[in-house]
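*Asks:* Chain by chain, the residues:
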Amino acid sequence: MLKTLVPRASRSLLSTKAPHLGPANLRTAPSFQIVSQNQQRRRGYASEASDYDIVFIGGGVAGYVGAIKAGQSGLKTACIEKRGTLGGTCLNVGCIPSKSLLNNSHLYHQILHDTKKRGIDVNDVKLNLAQMMKAKDESVAGLTKGVEFLFKKNKVDYIKGTGSFVDEHTIKVNLTEGGETEIKGKNIVIATGSETTPFPGLEIDEKKVITSTGAIALQEVPKKMIVIGGGIIGLEMASVWSRLGSEVTVVEFLGQIGGPGMDLDIAKQSQKLLAKQGIKFKVNTKVLKGNASGDGVKLDVEAAKGGKNETLEADVVLVAIGRRPYTDGLGIENIGIELDERKRLVIDQEYRTKIPHIRVIGDVTFGPMLAHKAEEEGVAAVEFITKGYGHVNYGAIPSVMYTHPEVAWVGQNEAELKSAGVNYKVGTFPFTANSRAKTNLETDGLVKILADAETDRILGVHIIGPNAGEMIAEGTLALEYGASSEDVARTCHAHPTLAEAFKEAAMATYSHAIHF
Amino acid sequence: MRPSLILRATQHRTPLIKFIGKHNPPKTLDHTPKPHPASPTHSLPDSFKTYRSKAQQHGPLGGQGHASPFQAPTSGIMTYGRIGGTPGELLGPVEPKDGEYFDRNDLPKRFWRAQWTEEEIEAVNSGGAGLFA
Chain A
1 MLKTLVPRAS RSLLSTKAPH LGPANLRTAP SFQIVSQNQQ RRRGYASEAS DYDIVFIGGG
61 VAGYVGAIKA GQSGLKTACI EKRGTLGGTC LNVGCIPSKS LLNNSHLYHQ ILHDTKKRGI
121 DVNDVKLNLA QMMKAKDESV AGLTKGVEFL FKKNKVDYIK GTGSFVDEHT IKVNLTEGGE
181 TEIKGKNIVI ATGSETTPFP GLEIDEKKVI TSTGAIALQE VPKKMIVIGG GIIGLEMASV
241 WSRLGSEVTV VEFLGQIGGP GMDLDIAKQS QKLLAKQGIK FKVNTKVLKG NASGDGVKLD
301 VEAAKGGKNE TLEADVVLVA IGRRPYTDGL GIENIGIELD ERKRLVIDQE YRTKIPHIRV
361 IGDVTFGPML AHKAEEEGVA AVEFITKGYG HVNYGAIPSV MYTHPEVAWV GQNEAELKSA
421 GVNYKVGTFP FTANSRAKTN LETDGLVKIL ADAETDRILG VHIIGPNAGE MIAEGTLALE
481 YGASSEDVAR TCHAHPTLAE AFKEAAMATY SHAIHF
Chain B
1 MRPSLILRAT QHRTPLIKFI GKHNPPKTLD HTPKPHPASP THSLPDSFKT YRSKAQQHGP
61 LGGQGHASPF QAPTSGIMTY GRIGGTPGEL LGPVEPKDGE YFDRNDLPKR FWRAQWTEEE
121 IEAVNSGGAG LFA
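Protein chains in written order, with UniProt numbering: chain A, 1 to 516; chain B, 1 to 133.
Keep in mind the hints are simulated off the structure, nothing from the lab. Incorrect hints may have been included.
Unchecked claim - With a straight-line cut-off of 25 Å between C-alpha atoms, the simulated SDA-like cross-links for lysine to any residue are: (1) B:LYS54 x A:GLU168; (2) A:LYS387 x B:HIS31; (3) A:LYS99 x A:GLN349; (4) B:LYS22 x A:SER73; (5) B:LYS18 x A:SER73; (6) B:LYS49 x A:GLN349.
All chains, please: the whole structure from these sequences, using the hints.
*Replies:* What follows is the structure in structure tokens.
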């Protein structure tokens, strides 16, 4: 009986024993084979109310990863992105271009200052900043086009334009190439990311007063640069321009650099090593106001602990005091979903807003503003839709600062454990005692592991040293698996590698390191 | 002196990490809205509850605790729904009983028979040739 409900276009797939069903039998006429595809689609079951199973607003790391996962899961998927290229802040103006500059500026700095002792005499070394920027741009272009290819491969419709909510299921898109369109989604995922938090009183022009976006695109090396904010972004950019010849001063309001989460011991050592490279620090210092009306920029600063006021001058000031969620033009007022006091979209444990089919992932909602966290959420949000369950462990999300040496950590730091009243033990191992670090002539730094005093379960891993950003993956895996320091210590690590320092730190945590 | 096998076995260290087999879906899923693990306030606005009690998306989303023939189970899949909140397989067979017939018009409109377009009628009458004329 219900067979009559099958759309005519699909009935040829059914048994030929179907009884006479009136006009539907006309399907056997040859003409039926050549009606247009649109007519066949018209006769399908899918409700016209939903064009897409899932629509992502924002093609950054959260949105594009989620869209690819959705495409792989068989959902009819669209991704709206207004930048013109996919990848969001990370690929276009964040993680990726900054890593290109960090790597190449480090090479330049090393050639200038660190070759003679290695037995390499290099003469007439010159900086070609335009070529360095070109290399960066080529890396970015290659990766963003790669994401576009992945969209095609996984049948994700890429809609270039600015999306805003008309109602709970409808999104109006102002197309980049002109005109507008409306699309509907059964599920909608907001992944609009974040933007730099401006400094009150200083207008960003991306020339004299810059954000991280301007800091990766300067046309010449500024003679003097001030960085407001000693967090990860500020210190990475400070490193780049300091290596290229700028006189850089970092002004940090708090007493330690590195931002939230970095262990105090590691932060102190990092500050010491960066200062050795020529970066000046003013910690516990508040920027009162700035003036960019002249040739350069003047900043009035005040030392927090009874220090005197002073005026700092620079050619360029980088504002790196943090990032804030970006929801401009999204039309959230049309659907009435909530923002918290820091303008983050409020979600539940499955990334749902109060409207269950509208989910939010990435920087625009809770959690650390990190690309890899956003990626995890992109996959998890789709899995909640397709499977009913997903997984992101917010207690095991690594952080990495790509200075030299790199700093990386995962889990809790000592201050957090102390404030939580956790009884813990500490094991450290310095790279000076690691054979590979010795041969590489890069012995600054250490690995520090924090483990529960009773169970030996690893609670936090903090690394400063060469390759810390790669090595932290082992710590993250240990944390995710709930490993003990003894588990890591008893796992064979290849010799000679930097990773042996990790094993030795684990040995020091539960017993004693061999080589220190 | 060599330790006995029993002694060696007792001294064998048991790692904290255990292989517990392939990842399996959780046996029960509770989709009731709860605060996001990274939420600084560890709370949800009341709107999450009130929206669900009013919303009509695949049937009312709220209504837990209401006596209703459409009441969904409070644990297991789709805990937050009533109509549409129960898996189809739990609703019993869909085949009509003897002497019972379903009327297409009782279904939502999208399942109704689509009207023939002029183009389709022409295609049928002409054997399709008319489309290429």
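*Asks:* I'd like to know which numbered hints this structure contradicts. Please list them from smallest to largest.
*Replies:* Violated: hints 3 and 5.
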